[in-house]
Amino acid sequence: MSIAPDKGRIGAAVEAADVRTGRVPLARKLMRYVFPEHWSFLWGEVALYCFVVLVVTGIYLAVFFDPSYQQVVYHGGYAPMRGERMSAAYASALDLSWKVKAGLLMRQTHHWAADLFIASITIHLMRVFFTGAFRKPRELTYWTGLTLLVVAVLEGYMGYSLVDDLLSGMGLAIGWGVAMSIPFIGGPIATWIWDGPFPGTTAFESRLYIAHVLIVPLVIAGLIGLHLLLVSLLHHTQFRGRGRREANVVGAPLWPAQTFRSIGLFLAVAGGLFLLGGLVQINPIWLWGPYHPFLGANGAQPDWYLGWLIGALRMMPNWEPTIAGKTIVPNPFWGGVLFPLIVFGLLYAWPLLERRLSGDRAAHHLLERPRDNPRRTAFGVALFTFTAVPFFAGSMDRVYIQFGVPYEGAVRVMRVLWLVLPVVTGFLAMRMCRRLAAAELRPLRGVTARMVGRDAAGGLVAGPALLANPSWRPRMEPPAGGPPAAAAGLRAAVAQLLVRARRSVLAAAILAAAAVVVLAALAGLVVAVVLAIAAAGAPTWLAALIVAVVLVVACAAVAAAARWSA
Amino acid sequence: MSDLPPPRHPSVEGEPVPPDARPYSEADDPTQVVIPTSPRNEAIVAGLLALAGLLGVAFVVVYVLVDSTPLFGLTLGGALLALGAAAIVAGKGVVPQETVLEPRASVAHPEDEAATTALIRSAGSGVSRGRLLKLTAAIASAGMGAASLATLASFGPWIGSRSVPSPWRRGARLVDEYGRPVRADALEVGSFVTAFPKGADIDLLGSPVIVVRIDPSEVDLPPARRGWAVDGILAYSKICTHAGCAVAMMRYPLFPAHSAEPALVCPCHYSTFEVATGGTVIFGPAGRPLPQLPIRIAADGTLEAAGPLSGDVGPAWFGVNRA
Chain A
1 MSIAPDKGRI GAAVEAADVR TGRVPLARKL MRYVFPEHWS FLWGEVALYC
51 FVVLVVTGIY LAVFFDPSYQ QVVYHGGYAP MRGERMSAAY ASALDLSWKV
101 KAGLLMRQTH HWAADLFIAS ITIHLMRVFF TGAFRKPREL TYWTGLTLLV
151 VAVLEGYMGY SLVDDLLSGM GLAIGWGVAM SIPFIGGPIA TWIWDGPFPG
201 TTAFESRLYI AHVLIVPLVI AGLIGLHLLL VSLLHHTQFR GRGRREANVV
251 GAPLWPAQTF RSIGLFLAVA GGLFLLGGLV QINPIWLWGP YHPFLGANGA
301 QPDWYLGWLI GALRMMPNWE PTIAGKTIVP NPFWGGVLFP LIVFGLLYAW
351 PLLERRLSGD RAAHHLLERP RDNPRRTAFG VALFTFTAVP FFAGSMDRVY
401 IQFGVPYEGA VRVMRVLWLV LPVVTGFLAM RMCRRLAAAE LRPLRGVTAR
451 MVGRDAAGGL VAGPALLANP SWRPRMEPPA GGPPAAAAGL RAAVAQLLVR
501 ARRSVLAAAI LAAAAVVVLA ALAGLVVAVV LAIAAAGAPT WLAALIVAVV
551 LVVACAAVAA AARWSA
Chain B
1001 MSDLPPPRHP SVEGEPVPPD ARPYSEADDP TQVVIPTSPR NEAIVAGLLA
1051 LAGLLGVAFV VVYVLVDSTP LFGLTLGGAL LALGAAAIVA GKGVVPQETV
1101 LEPRASVAHP EDEAATTALI RSAGSGVSRG RLLKLTAAIA SAGMGAASLA
1151 TLASFGPWIG SRSVPSPWRR GARLVDEYGR PVRADALEVG SFVTAFPKGA
1201 DIDLLGSPVI VVRIDPSEVD LPPARRGWAV DGILAYSKIC THAGCAVAMM
1251 RYPLFPAHSA EPALVCPCHY STFEVATGGT VIFGPAGRPL PQLPIRIAAD
1301 GTLEAAGPLS GDVGPAWFGV NRA
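Protein chains in written order, with our numbering: chain A, 1 to 566; chain B, 1001 to 1323.
Calculated from the structure, these hints are not laboratory results.
The reader is advised that the hints may include incorrect statements.
[Unchecked claim] Below, a list of computed lysine-lysine pairs in the DSS-like style, where the Cα atoms sit at most 30 angstroms apart:
| no. | chain 1 | residue 1 | chain 2 | residue 2 |
| --- | --- | --- | --- | --- |
| 1 | A | Lys-7 | A | Lys-29 |
| 2 | A | Lys-136 | A | Lys-29 |
| 3 | B | Lys-1092 | A | Lys-7 |
| 4 | A | Lys-29 | B | Lys-1092 |
Could you put the whole structure together from the sequences, leaning on the hints where they help?
Structure (structure tokens):
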């Protein structure tokens, strides 16, 4: 068969592929596959692209890494550590950071990518949960995604445990303690996995390595494949909107627009990760030193995705029930096993629970907004709070060091919050959803009306300007001595945000988060200044008095400026 | 507009039309095609592509000439970001911007379901002794499962009666990390050092002990442990009984009137063990006291063990000895 010259090179390639596979109709259909558009749909894609970066950088690292606990004396590129006794694993991790060109870039990018991988899966999970995207017929998609999160957390933990620096050794010790704590079978299981008592033999490092670089990545890749297959078989969900119905999908086709955008997102994610890997230090292993079981460092914090578990371990009272001298439940079980089992158990069970609670057995392709389903939103917020409290409780030691808040008291307060706060936030979320939904049904309830006048040019005039001027003369220019344009713009933006916060959970959440951050920063600043003045020799009460006076003066100045600008 | 699907459920006279089957009105039709035709966007894409290429070359230059991780990140990350930005600008402002509509049919096939069920069942149409076959298949699965699981036992030993062996015996000398003996007169009140039994592997969990010295008047051991401390010197296993970390911190009151009692603190989860009373837990999640090592001063002034550790080292499990 000769190729017609007018087909061009693309035409020839298409024909060649079709003659050999017969799948061109499928490709044509795929190219018109529809992607509904919403910013919150990005996170799953971000996670996928992080995984690609993880595989690429991981292969690079694996070429240089030596997974062995064999003890060596270090003679590598990091001078302060020369002559130290350490494992070959740690020595090779130091060398790939210091001797291998671009090795440190790859290691740091790998670490950043792991942190972003799990973060984007978590955000994606929250998007799916709060919009009800997990409902029939997508339960399998949801469960594969949840399993991906569990496996990804395990993979990340194994990754930083491989290096065998002081922090990774401490993390492994805790992992061993948690494994030992499983009632009845924990001891034999932990000893079996570690090939003897902790820290185990070099066979354990070899196991950790093969699991981290082969077995678990294969599981993750398989789960991602299954997840994407299920997504594409059922097509995406979409929000309500113009022409969007249960029985259609509206959005951009894969070719051309979505292809370019998605490749762009991949490159941007990879670029951002390499920028982080090059510019922002993460896990400087040469500062931690080699691990030996008799060594420990204060201030050790795990990667962010294990913060909730270390917090739970730290917060538990020392319950350890025994019967006849036998330990039935060793303490790490509560925070390290039972707590994540409860959280993930509830997440796995929620589609079934919700179906039973609501009696809704229909298939859904249109998403709900959080306010459309107050019960689900309240449950999700409560569960999130239930994991967030231990996350923050895990950093109470840093709070003690930074701000001097007594550690033991803070932990006791956190124990109470762990139980109380989920109920409070769940209740608040429920109320917020109901009020937002009610505001949509009766949009004018609770809205303060404003008088509006018309000026000569046909524009609208409102507010004090209107009342101050009985003739309603046009005011095109801000009056001399009035607020500068930037201040007026800021005020308008804040007012706009406040109006939006009445209408949208997201805007309210952003506003609340911003307020918390600003207040926390201010409080931190105040405490830091007080401590700095105190450190310079002044008594603390004097430092606090100085700062208080400065604050009062500053507040007065701001108030005066606000009055002037009004 | 023209290639919209016909309604899937044409209205039968007298029946209401389901909302999803309504035809799309002018105001309801979401489909559109916008062809940007924007030379400005094309110029932006071209600029970004050129920038990506330049940064890629810059990475190679940096790689060859200087070894600088920040520059690697800037050039490689910058190249990828520029390329990504080019693709996104192209995707949003150069190629046709289409909103298309695809009808979504149910993925289920009720007829195929029945036929498939019948097909699966057809395999057993000639079977007369089904129960026997099921039973023997279960036996085969159990046997093969057991055989494959048996090999996994090679991974590690059985735990035995103790999870962590301890090399401490009566008379064992206390030495530091480098094998130098620990002398009693080298320990000041408030200091603490890590010691190991002479000749033992220092990486065994059962090896490291913390040797601390407090004011002898503060020592308040239970009667059964009389004589386990000498001149205010006490020794405890360094491995936390909560999760196995090293108990690496000591809290010693410099101003006794205002401070808490002397204690050993684990930096992992802040289990806190009182020094004076035999390592009892006074805060944190640990469920057992730290095992204590009775010590005495040998004739040459160095420390040695007066007996084994008072309990099992490390985190709890079912078989741990709760002394």
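For each hint, the structure was consulted:
1. Distance restraint check for Lys-7 (chain A) and Lys-29 (chain A): the Cα-Cα separation of roughly 21 angstroms lies within the 30 angstroms cut-off, and the hinted pair is therefore satisfied.
2. Restraint check for Lys-136 (chain A) and Lys-29 (chain A): the C-alpha separation of about 25 angstroms stays at or below 30 angstroms, so the hint holds.
3. Pair hint Lys-1092 (chain B) plus Lys-7 (chain A) holds up; C-alpha atoms about 28 angstroms apart against a cutoff of 30 angstroms.
4. Distance check on the hinted pair: Lys-29 (chain A) and Lys-1092 (chain B) sit about 22 angstroms apart at the alpha-carbon level, within 30 angstroms; holds.
Hint compliance for this structure: no hint is broken.
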